[in-house]
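Asks: Here is how the chains run, residue by residue.
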Amino acid sequence: DIQMTQSPASLSASLGETVTIECRASEDIYNGLAWYQQKPGKSPQLLIYNANSLHTGVPSRFSGSGSGTQYSLKINSLQSEDVASYFCQQYYNYPYTFGAGTKLELK
Amino acid sequence: EVQLVESGGGLVQPGRSLKLSCAASGFTFSDYYMAWVRQAPTKGLEWVASISYDGGSTYYRDSVKGRFTISRDNAKSSLYLQMDSLRSEDTATYYCTTGAAPYWFAYWGQGTLVTVSS
Chain B
1 DIQMTQSPAS
11 LSASLGETVT
21 IECRASEDIY
31 NGLAWYQQKP
41 GKSPQLLIYN
51 ANSLHTGVPS
61 RFSGSGSGTQ
71 YSLKINSLQS
81 EDVASYFCQQ
91 YYNYPYTFGA
101 GTKLELK
Chain G
1001 EVQLVESGGG
1011 LVQPGRSLKL
1021 SCAASGFTFS
1031 DYYMAWVRQA
1041 PTKGLEWVAS
1051 ISYDGGSTYY
1061 RDSVKGRFTI
1071 SRDNAKSSLY
1081 LQMDSLRSED
1091 TATYYCTTGA
1101 APYWFAYWGQ
1111 GTLVTVSS
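Residue numbers (our numbering), protein chains in the order written: chain B, 1 to 107; chain G, 1001 to 1118.
Please note that a few of the clues may not be correct.
[Claimed, not checked] Facing chain G, according to a computed beta carbon distance under 10 Å, are these residues of chain B, among others:
no.	residue
1	6
2	54
3	55
4	56
5	91
The hints are simulated quantities; they were obtained by calculation from the structure and are not laboratory data. What you are looking at is a predicted structure, and each value in this text was computed from that prediction instead of being measured. The beta-carbon is built from N, C-alpha and C at its ideal position, and this holds for glycine as well.
With these hints in hand, go ahead and build the complete structure from the sequences.
Replies: Put into structure tokens, the structure is as follows:
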């Protein structure tokens, strides 16, 4: 199975700040990566697919990048509504695997 | 508008069975791969199983292989998860999910909680 190592596990940032979350795969996943946002008590929501494609309706302050085994999610100009947990997911191979998550809080 | 509505969760004893259902609407169900993803309380997301457009291909994580069966009824726009020989570690909220491609999950239901406990 492909292991997804996500960092940091938690993050505290101020409004307007730029935040970066990283995901490292245990092998090359050839951009087969998605990012999700999950707010407390809610279902996950897709943000990014194919490592850098923005899902419909997602604000442009979210962006994804990376290749090979290293990927990142960047949130520009942090807003209060961005407080949530974020998960990466690889879909290059079954079983699909998720990172352990990053909990983003406001400082 | 895409809607996925899960049902069938509840409290069940270890070793017993439970069947989850997901009613889909707002899209052509037979054009989409479908999947179940679960989340144990206060934990991360875990992919459980996926099924192809016509149900001809199914995929499972190792820990549920032989115990869980994913199936679909395209005439009823419904997805199912038959869970047998349930274990305490199967306790989680189970989400029905799909996307424009078989790989990422653009649409999610609200989830149904399965608690395995004596």
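Asks: Hints the structure violates: just list their numbers, smallest first.
Replies: 2
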